[in-house]
Amino acid sequence: MGQLFTREFIQAIRSLRIVSRQVPAGGKSAEHRSKDMGSGMEFRDFRAYVPGDDLRRADWNLYRRSGRLFLRMFDEPEDLPVYILADMSDSMFFEAPPRADVARLMTAAVAAISLNQHDRTGIFPFGSDLVRPMRPLSGKHNLPRVLRYLEQLRPAGKTDIVRVVRKFRAMGLRRGLVVFVSDFFDGQGIDVITNALKSLRHSLLLIQIARESDASPDLDGELTLLDCESGDAIDLTVTPEAVARYRRSYDDFCNGLLAFAARRRAAHVRLDADRPLLTQLGDVFPDGVLIT
Amino acid sequence: MTFTGITPFAAAVIIVGSAAILAVLHILRVRSRQQSVVTTMFWATAVERPRARSLMHRFRHPRTYLLLVCICVLMAIALLRPQLAADSGDRVWEVIVLDAGASMSVGARTEGETRLDAAKDIAIDRIRMLNPNDRLAIIVTDPLPRLVHASNAPRSMAVKSILDIEPAATPSVPNKAIQLAVSLTNGWQNRRVVLITDETRVPAFAGDVTATDDVEVKVIRVGESADNAAIVAASFEPYAERPYRGRLTVRVAYWGEREREVEIIVQRSGGALLMREAVTMAADSVHDFAVADLLADGDELIAKLATDDAVVADNMLILHSPTRPAIYVGCDLNCPNCLQVALRTDKAVQLVKNCPHCGKCKVCSKKHTIESMISIAIVDEGPPVIDSQELRVASGVSFLKGLDFEGAVCGSGAAVPETPAKFMPLLLCGETVLAGVDEDQEKPVVYFSSAMFDEKATICQKPAFALLVAQTLRHLAGWVDCSASIPPERLLADPLWAKRAGEASQPLAMPGSRDSGNVRGQAAIVKAHQGQSFHWTVPLPFELVLIAVLLLVLVEAVLHVRGRIP
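From first to last, the protein sequence lines are chains A and H. What the first sequence shows, in this note's numbering, is residues 1 to 292, in sequence order. What the second sequence shows, in this note's numbering, is residues 1 to 566, in sequence order.
Errors might be hidden in some of the hints.
[Unchecked claim] Non-contacting residues of chain H with respect to chain A, defined by C-beta distances greater than 10 Å in every case (computed):
1. Thr40
2. Thr45
3. Leu163
4. Leu339
5. Pro463
6. Ala464
[Stated by the list, open to error] Using C-beta positions, here's what the derived DEER-type ranges look like:
7. H:Ser32 to A:Ser128: 23 to 31 Å
8. H:Arg33 to A:Gln11: 43 to 51 Å
9. A:Ser128 to H:Val16: 52 to 60 Å
10. A:Glu222 to H:Met157: 41 to 49 Å
11. A:Asp232 to H:Phe9: 47 to 55 Å
No lab work stands behind these hints, which were simulated from the structure alone. Even glycine gets a Cβ: it sits at the ideal position worked out from N, Cα and C.
Construct the entire structure; sequences and hints are all you get.
As structure tokens, this is what we get:
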């Protein structure tokens, strides 16, 4: 166990669950209630018999009363593919504590929960491009492997979400849940980001790693601001008016992300990079369950 | 380098102020520090415009532009020497008449400053006192009054015009300048003529003008008082007993309002001091300073007044004492006794019996040169002269004027023929010449008729005869009464000539050089127009404007540093 993933953290996430309202059909048997009718234990509905149906599912008592043949339908629990796109760009490692710590902890938490739920879980770290993704695994015995994988992640350059999403989509993975862990600081702007995310066919869980200084930067005087990723310089006189304009811009960014999540019916979670993740898990998983 | 509308002090203030501004701007210069941030995507939209890095770039911002425009405007206003008008009365037409005559080059109260400098300062102060809407013209009066600054010229050029004025070598003509000034303002209200001069006697023309025209004439006196002591004449008077020595008399006249001490120094040009004497002279008085027992050796003498006066030019006189050798007279020992007595009456006459050079010839006919050798000839051949009692001096002989031969008679003899070209009759008996001279410079001859020495003649026993002989010999020897006077060109420079003309022994001034009729007494000062009716004006201190500019620059710099303006 590394320094990042403590035993307390592992214990804390053991009881958490992720429930998806939309589980794509066609998966292997697991714990998620899918649309498929199968051989589960929980009765869901009747339907009329059509030639070719399995007569073992016919409800003969109903046939005796009504003279018509109906089949009894049961739920088919399946697995939920979980693809975690973890932002490992330079901006995630810039400040102290780095946002990458919270991102990796959250990635580990989601991965651990998914593995516990027998879901296939893949991790796709990215910066300017996807970086050595960990192909989907299943089984909670793979958790140590996941943690080791997360431990060795390093900064991966400038954020390019559009490119990452395009590459991820090109993989043609089975529909599932895409957990996007990032600060979403992509110079192309929130509109470009949301357009790219909109193209994903998967369910979305957006985990935004932020900190208080993002909204209220502690800057003053004549500055030449250097972007930690691109190195772009902006000459700036930090005035109250400039800070107000910055805050409006930042709020527009956040609101744009929230609006997208609402339109896309995606879950959105904001984590504070300055606070321990354990203290924020209660907010992210109310009653221990995160419904996506 | 000449500054218009700006004094050297103000120029120095500008330089120092600019240096201070630059220093402050250097201290307050924008120092941006680099800082890495997680992203600049929000700042890129938050910053409306990047910070200006050049002056022109900063003009984009209205507030910065407004500040810089204010600074430039204030600087321009400061350089134009603004004045705040406290009274918005009617426009005043003021003509400043500046006296630039010779007397204005005399030192004023302040050491090293001439009266013209003081007059310039007064004129400049008056210009600054004027309201901006007042009209101003400047006239310089020296022998030719002329306009040096027209009323439609920029006010800022007036100071330069005044500073360029130089004193003339001749006296000024203020009355004509005032006439010109009045003509410039014809047809306007609130006319004012300001005469700045050192004249003690204000031209009466000013009074005439104010009597007929609605013109306010104000006279501003410069310098102490325009009194003047001057050497007006000098003469050498030989002693009767010692004709080779004499007394030098230097006549000094003083015109002024109060008595003053006049000190005169007479010395040889080689430096030997002959006299140094100080006398307290009353106003409008004449005093003769005398140097006694001065050798008539022809040396150059310098007489000068050790005092400052309105006209410096007449404080010194250079003259030559007369050269007085003996008057050698060639006279035969056979000449009548009465003539010999008459000749010896004059101590300057030495009778030469034989030539002092060769000792042989009696009358130096062998081209020996004896200075002032005058021959005396008694004519015994010529028209006869009959006894007569009507003896008279020939007309036109100035050196014999006043000789009285009444009662004297001549005897019989030959009259003097008027044959030489330069013959001049001296004494007549009727139409007959009894005595005459041939004024040939090389060999002058005095002719006497033999009738004057006849036994019956009594004329040669009269004192008038001795005077006739002595004056004639002195005239031929050049022994006229030696006097020296101020040359006319000096008198032209004397502003007080009108009074001096009566005091000088020889009025040698050129007629018409000064119209004395226009110069009247002190009573002509226009006292009735000395009332103050000026508009009250407050000159806006140049330094305050500069301070305001400096403050604006500081405000702009501080606002820029604090981010209020980009």
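These are the hints, each one checked on the structure:
no.: 1; hint: Thr40; verdict: violated, 4 Å
no.: 2; hint: Thr45; verdict: violated, 5 Å
no.: 3; hint: Leu163; verdict: holds, 49 Å
no.: 4; hint: Leu339; verdict: holds, 122 Å
no.: 5; hint: Pro463; verdict: holds, 118 Å
no.: 6; hint: Ala464; verdict: holds, 118 Å
no.: 7; hint: H:Ser32 to A:Ser128: 23 to 31 Å; verdict: holds, 29 Å
no.: 8; hint: H:Arg33 to A:Gln11: 43 to 51 Å; verdict: holds, 46 Å
no.: 9; hint: A:Ser128 to H:Val16: 52 to 60 Å; verdict: holds, 59 Å
no.: 10; hint: A:Glu222 to H:Met157: 41 to 49 Å; verdict: holds, 47 Å
no.: 11; hint: A:Asp232 to H:Phe9: 47 to 55 Å; verdict: holds, 54 Å
Checked against the numbered hints above, the structure violates hints 1, 2; every other hint is satisfied.
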